[in-house]
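There are 4 protein chains.
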Amino acid sequence: MDSNTDPLVIGQTTLSSRLFVGTGKYSSDSLISEVLKRSGAQVITVALRRMDFHSQVGNVTDYIPSGVQLLPNTSGARNAEEAVRIARLAKAAGCGNWIKIEVISDNKYLLPDGYETVKATEILAREGFVALPYISPDLMVAKRLVEAGAAAVMPLGAPIGTNRGLKTRELLRILIDEIPLPVIVDAGIGRPSHACEAMEMGAAACLLNTAIASAADPGLMAEAFGKAVSAGRQAYWAGLGGRQEYAQASSPLTGFLHE
Amino acid sequence: MDSNTDPLVIGQTTLSSRLFVGTGKYSSDSLISEVLKRSGAQVITVALRRMDFHSQVGNVTDYIPSGVQLLPNTSGARNAEEAVRIARLAKAAGCGNWIKIEVISDNKYLLPDGYETVKATEILAREGFVALPYISPDLMVAKRLVEAGAAAVMPLGAPIGTNRGLKTRELLRILIDEIPLPVIVDAGIGRPSHACEAMEMGAAACLLNTAIASAADPGLMAEAFGKAVSAGRQAYWAGLGGRQEYAQASSPLTGFLHE
Amino acid sequence: MDSNTDPLVIGQTTLSSRLFVGTGKYSSDSLISEVLKRSGAQVITVALRRMDFHSQVGNVTDYIPSGVQLLPNTSGARNAEEAVRIARLAKAAGCGNWIKIEVISDNKYLLPDGYETVKATEILAREGFVALPYISPDLMVAKRLVEAGAAAVMPLGAPIGTNRGLKTRELLRILIDEIPLPVIVDAGIGRPSHACEAMEMGAAACLLNTAIASAADPGLMAEAFGKAVSAGRQAYWAGLGGRQEYAQASSPLTGFLHE
Amino acid sequence: MDSNTDPLVIGQTTLSSRLFVGTGKYSSDSLISEVLKRSGAQVITVALRRMDFHSQVGNVTDYIPSGVQLLPNTSGARNAEEAVRIARLAKAAGCGNWIKIEVISDNKYLLPDGYETVKATEILAREGFVALPYISPDLMVAKRLVEAGAAAVMPLGAPIGTNRGLKTRELLRILIDEIPLPVIVDAGIGRPSHACEAMEMGAAACLLNTAIASAADPGLMAEAFGKAVSAGRQAYWAGLGGRQEYAQASSPLTGFLHE
Numbered sequence: 001m002d003s004n005t006d007p008l009v010i011g012q013t014t015l016s017s018r019l020f021v022g023t024g025k026y027s028s029d030s031l032i033s034e035v036l037k038r039s040g041a042q043v044i045t046v047a048l049r050r051m052d053f054h055s056q057v058g059n060v061t062d063y064i065p066s067g068v069q070l071l072p073n074t075s076g077a078r079n080a081e082e083a084v085r086i087a088r089l090a091k092a093a094g095c096g097n098w099i100k101i102e103v104i105s106d107n108k109y110l111l112p113d114g115y116e117t118v119k120a121t122e123i124l125a126r127e128g129f130v131a132l133p134y135i136s137p138d139l140m141v142a143k144r145l146v147e148a149g150a151a152a153v154m155p156l157g158a159p160i161g162t163n164r165g166l167k168t169r170e171l172l173r174i175l176i177d178e179i180p181l182p183v184i185v186d187a188g189i190g191r192p193s194h195a196c197e198a199m200e201m202g203a204a205a206c207l208l209n210t211a212i213a214s215a216a217d218p219g220l221m222a223e224a225f226g227k228a229v230s231a232g233r234q235a236y237w238a239g240l241g242g243r244q245e246y247a248q249a250s251s252p253l254t255g256f257l258h259e
Numbered sequence: 001m002d003s004n005t006d007p008l009v010i011g012q013t014t015l016s017s018r019l020f021v022g023t024g025k026y027s028s029d030s031l032i033s034e035v036l037k038r039s040g041a042q043v044i045t046v047a048l049r050r051m052d053f054h055s056q057v058g059n060v061t062d063y064i065p066s067g068v069q070l071l072p073n074t075s076g077a078r079n080a081e082e083a084v085r086i087a088r089l090a091k092a093a094g095c096g097n098w099i100k101i102e103v104i105s106d107n108k109y110l111l112p113d114g115y116e117t118v119k120a121t122e123i124l125a126r127e128g129f130v131a132l133p134y135i136s137p138d139l140m141v142a143k144r145l146v147e148a149g150a151a152a153v154m155p156l157g158a159p160i161g162t163n164r165g166l167k168t169r170e171l172l173r174i175l176i177d178e179i180p181l182p183v184i185v186d187a188g189i190g191r192p193s194h195a196c197e198a199m200e201m202g203a204a205a206c207l208l209n210t211a212i213a214s215a216a217d218p219g220l221m222a223e224a225f226g227k228a229v230s231a232g233r234q235a236y237w238a239g240l241g242g243r244q245e246y247a248q249a250s251s252p253l254t255g256f257l258h259e
Numbered sequence: 001m002d003s004n005t006d007p008l009v010i011g012q013t014t015l016s017s018r019l020f021v022g023t024g025k026y027s028s029d030s031l032i033s034e035v036l037k038r039s040g041a042q043v044i045t046v047a048l049r050r051m052d053f054h055s056q057v058g059n060v061t062d063y064i065p066s067g068v069q070l071l072p073n074t075s076g077a078r079n080a081e082e083a084v085r086i087a088r089l090a091k092a093a094g095c096g097n098w099i100k101i102e103v104i105s106d107n108k109y110l111l112p113d114g115y116e117t118v119k120a121t122e123i124l125a126r127e128g129f130v131a132l133p134y135i136s137p138d139l140m141v142a143k144r145l146v147e148a149g150a151a152a153v154m155p156l157g158a159p160i161g162t163n164r165g166l167k168t169r170e171l172l173r174i175l176i177d178e179i180p181l182p183v184i185v186d187a188g189i190g191r192p193s194h195a196c197e198a199m200e201m202g203a204a205a206c207l208l209n210t211a212i213a214s215a216a217d218p219g220l221m222a223e224a225f226g227k228a229v230s231a232g233r234q235a236y237w238a239g240l241g242g243r244q245e246y247a248q249a250s251s252p253l254t255g256f257l258h259e
Numbered sequence: 001m002d003s004n005t006d007p008l009v010i011g012q013t014t015l016s017s018r019l020f021v022g023t024g025k026y027s028s029d030s031l032i033s034e035v036l037k038r039s040g041a042q043v044i045t046v047a048l049r050r051m052d053f054h055s056q057v058g059n060v061t062d063y064i065p066s067g068v069q070l071l072p073n074t075s076g077a078r079n080a081e082e083a084v085r086i087a088r089l090a091k092a093a094g095c096g097n098w099i100k101i102e103v104i105s106d107n108k109y110l111l112p113d114g115y116e117t118v119k120a121t122e123i124l125a126r127e128g129f130v131a132l133p134y135i136s137p138d139l140m141v142a143k144r145l146v147e148a149g150a151a152a153v154m155p156l157g158a159p160i161g162t163n164r165g166l167k168t169r170e171l172l173r174i175l176i177d178e179i180p181l182p183v184i185v186d187a188g189i190g191r192p193s194h195a196c197e198a199m200e201m202g203a204a205a206c207l208l209n210t211a212i213a214s215a216a217d218p219g220l221m222a223e224a225f226g227k228a229v230s231a232g233r234q235a236y237w238a239g240l241g242g243r244q245e246y247a248q249a250s251s252p253l254t255g256f257l258h259e
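Protein chains in written order, with full-length UniProt numbering: chain A, 1 to 259; chain F, 1 to 259; chain C, 1 to 259; chain V, 1 to 259.
Hint data in this document are derived by calculation from the structure and do not stem from the laboratory.
Incorrect hints may appear among the rest.
Copies of the same chain look alike in the list, so a pair counts if it fits in one copy or across any two.
Below, in silico cross-link-like pairs of lysine-lysine (PhoX-like), each with a Cα-Cα straight-line distance of 20 Å or less [said to hold, decoys possible]: (1) Lys-37 <-> Lys-25; (2) Lys-108 <-> Lys-143; (3) Lys-119 <-> Lys-37; (4) Lys-91 <-> Lys-119; (5) Lys-143 <-> Lys-119; (6) Lys-25 <-> Lys-108; (7) Lys-37 <-> Lys-91; (8) Lys-119 <-> Lys-108; (9) Lys-25 <-> Lys-91; (10) Lys-91 <-> Lys-108; (11) Lys-37 <-> Lys-143; (12) Lys-91 <-> Lys-143; (13) Lys-108 <-> Lys-37.
So that you can see chain A by itself, here it is in the shape it has in the complex (with noise of 0.2 Å):
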């Protein structure tokens, strides 16, 4: 099992690596593309607002590498309507067809919308966008992303921002037991250990961005999420051995000298 044999594949386009990055929150755009590199990274997402199609200095884009997938995200959209104006202006700006959507009224908690986010989805992949809808980790809203078109879900695992692990780990793990989609969890990740969790459980990758743009040192803290993403990924294949109630040797326990 490796990247060549177990790719990840959204849309068209075939991923060796199962986490993607965000570009919000860095000190300095010239890090991300650091992070892009140390993290192995391929898919990067990035909001409209950051990319000045006028300017000839500071576009974000400019750090982004050939060869890594741009998913502009509707980032500001309060509604459906807003979600695919954004979606639309971002695919005419030569981002490209590929969208998170994201539609948050909630300015306290940050929580998506899940109607609106399923109408957003509706009506952008009936216009061929590979749409990646954000959502809170209801079954009933994935299962309309599904018969929407989706290409994948992007469940959170607490608020985001909140660097606070896999608050919602119960309700991931029936998503990812019943959509047949790929489930990227993205939200709420805080730590190289909380990202290895969710790929255990089955997780088709997870998108990190506060966590690593926060940490002292964003480039180290971007290689460690990148082998604990693999790490994680490893782990499901390998299978987990089982949970045992009472201690189990690992090495005889007797007859050394009582024999």
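Use these hints to put chains F, C and V onto chain A, whose structure you have.
Same frame as chain A, now just chains F, C and V:
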């Protein structure tokens, strides 16, 4: 930060890997060399009982590559005296002067006896052994082991062989804070995410046996653990971001369509 | 603070108990009156299917004492239309105007369908029902239910009948913070400590069925839940102390023998 | 099952309440009698230092109603010898023959010293004290205390005063399984739900101090803890249902409208 600038020093030995592995429960001894190779582990623990000093074949040490530090353990010892005898036998048999001190008289949970472990450590450290005692994560026992001359302490995350993870997390954290020796988490780790978490907390290393040996594909699982331990150590140095109560947007949330 | 000064008001009804119970899975219907009596519960939910409008015997409502509020549920409904039909039937049959709206089309995890639930709530609230919708703990669905005229929201702690506890704790906390209606935790609670925790967090009430019905001694378990819910509510008002990182002595530690 | 048929017997004393309380950190000593009354606690621990043998006023024991068992503690003792001296002083001062043995030399986490605690217990039990040693939840230490003649063992759930809950849950469970003495959880319990959980697991009693004393309304919190401990004990006897992986309908799900 890499293994050159962040080595683990135990006794006189400098290690670049922070994963230790065991030799128990493997369906075939030949798997052990694969596990060492794929995990990058440089320390391997062996029960003296497993070493056949007379027979020509089947000796587990045949499968241990040169360059890997042998860590014989006193598995089977039920008190300090027995542990001391086993340690001396191991040294006399050419197994070197490292010893994992394991004193267990509880047959159900296989929990170590701190009192006898301290006694054995005092004796063996005085005789020049590099003593690595296996303990419950008890601060006062660990302090006595520092005084007794231990080279590291090896607290359990959960009972041996249970794969339950860091169930003693709060007590491990205290040991890591307070004990001026490497803290090596030994027992209970069942998944790469568990090992990664221990390293993020500041553990110096992890010892793995059951979780690798009982995987459907031990070689692949060994590779996963190697990465997870390294990822956790890097995250420790990279500076984990704090947990937040409320969400914090990664992307600019407002203003795109609302200017 | 007691039930006189801290009543739970739902619709026009004032309740002194914050424990709701179900009627499913009991080995004998006669247990139900014992459960009501020993737990002090004042609200009981019944699937309409359980109510035999023709037969003279075995009707579960025979066992419900006067003074207990009946909460018929729409169990069996797979969409809004079916839920509305069941609710109207219940009212016509003399079950009153309270209705627990349960719309489930997922047969494995029995997770509710937020979209259909909102639709049914809009219709039934307009018709004068006291509507208590059962939901996943999704903030945006809960906000829509407020607008739709719900009298309370009933988010799940874990899938129905699993006894797993507050696995959706983080999301429940957000609902309790943000929703200006009673939040009644329904499903997943397996132990009195789980119900107590929900109440400490500020839940308005808990609905229990499986954990009581499947206990070896349901009457005793009902009594335990009654106390635990009351304890949790009192703790909520008494003001829980903060968690501390380090120990803080309760007793004077120094000076006794060291003056 | 009630307090008549399920008493807690320690030494020669039969208790109907399974809540023990402390006397530290109260803003006013007069609160203590309110706490005893509202919680129903029948055992109260007092640091000898708090007892003023000379002064006429302000002695905490003045506030302890008759019928409540006094449990002096050896708080301030840093080794076995000091604990023994304090215990003897307490007895000589008329405090009776119960003693909570607390030996702590760690000033940051206030973790007990198992080795010195065993020594003190041996001496004091031999002198006829009803010895209740405070310990880390270490099985081997607990086994030695059984041999030393302890009347109960008092393992910590988390460091004193932290309100963190049952962070040592796995180790407590082992003690409850293996030790043929009452296991009284002491330290770390911060909420009624924590105490309830300890009792559900089979703990014989809980000792609470900080969580009550530091509540905004200690009397109300005391009442909450009294109920929660009783609820947990009842649940233990009522037979907790098992946890399920998948949902299990409480109400009949199909057939209502689909026959």
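Consistency of the hints with the structure:
1. Proximity of Lys-37 and Lys-25 under a CA criterion of 20 Å is satisfied intra-copy only: 18 Å inside one chain copy versus 39 Å between copies.
2. Taking the shortest alpha-carbon separations for Lys-108 and Lys-143, only the inter-copy value of 14 Å comes in at or below 20 Å, while the best intra-copy value is 27 Å.
3. Taking the closest pair of Cα atoms, Lys-119 and Lys-37 never come within 20 Å of each other, the shortest separation being 36 Å inside a single copy and 48 Å across copies.
4. In this assembly of identical chains, the alpha carbons of Lys-91 and Lys-119 lie at most 20 Å apart only when taken from the same copy (19 Å versus 35 Å across copies).
5. Proximity of Lys-143 to Lys-119 under the C-alpha cut-off of 20 Å is found in both arrangements, the shortest distances being 13 Å within a copy and 18 Å between copies.
6. In this assembly of identical chains, the alpha carbons of Lys-25 and Lys-108 lie at most 20 Å apart only when taken from the same copy (18 Å versus 37 Å across copies).
7. Proximity of Lys-37 to Lys-91 under the C-alpha cut-off of 20 Å is found in neither arrangement, the shortest distances being 26 Å within a copy and 47 Å between copies.
8. When the C-alpha separation of Lys-119 and Lys-108 is checked against a cutoff of 20 Å, the pair qualifies neither within a copy, at 23 Å, nor between copies, at 26 Å.
9. Within a single copy, Lys-25 and Lys-91 get their C-alpha atoms no closer than 24 Å, and across copies no closer than 55 Å, so neither meets the 20 Å cut-off.
10. Taking identical chains as interchangeable, the C-alpha atoms of Lys-91 and Lys-108 are never at most 20 Å apart, the minima being 30 Å within one chain and 39 Å between chains.
11. In this assembly of identical chains, Lys-37 and Lys-143 lie within 20 Å of each other by CA distance neither inside one copy nor across copies; the values are 35 Å within and 42 Å between.
12. When the C-alpha separation of Lys-91 and Lys-143 is checked against a cutoff of 20 Å, the pair qualifies neither within a copy, at 26 Å, nor between copies, at 33 Å.
13. Taking the shortest alpha-carbon separations for Lys-108 and Lys-37, neither the intra-copy value of 33 Å nor the inter-copy value of 42 Å comes in at or below 20 Å.
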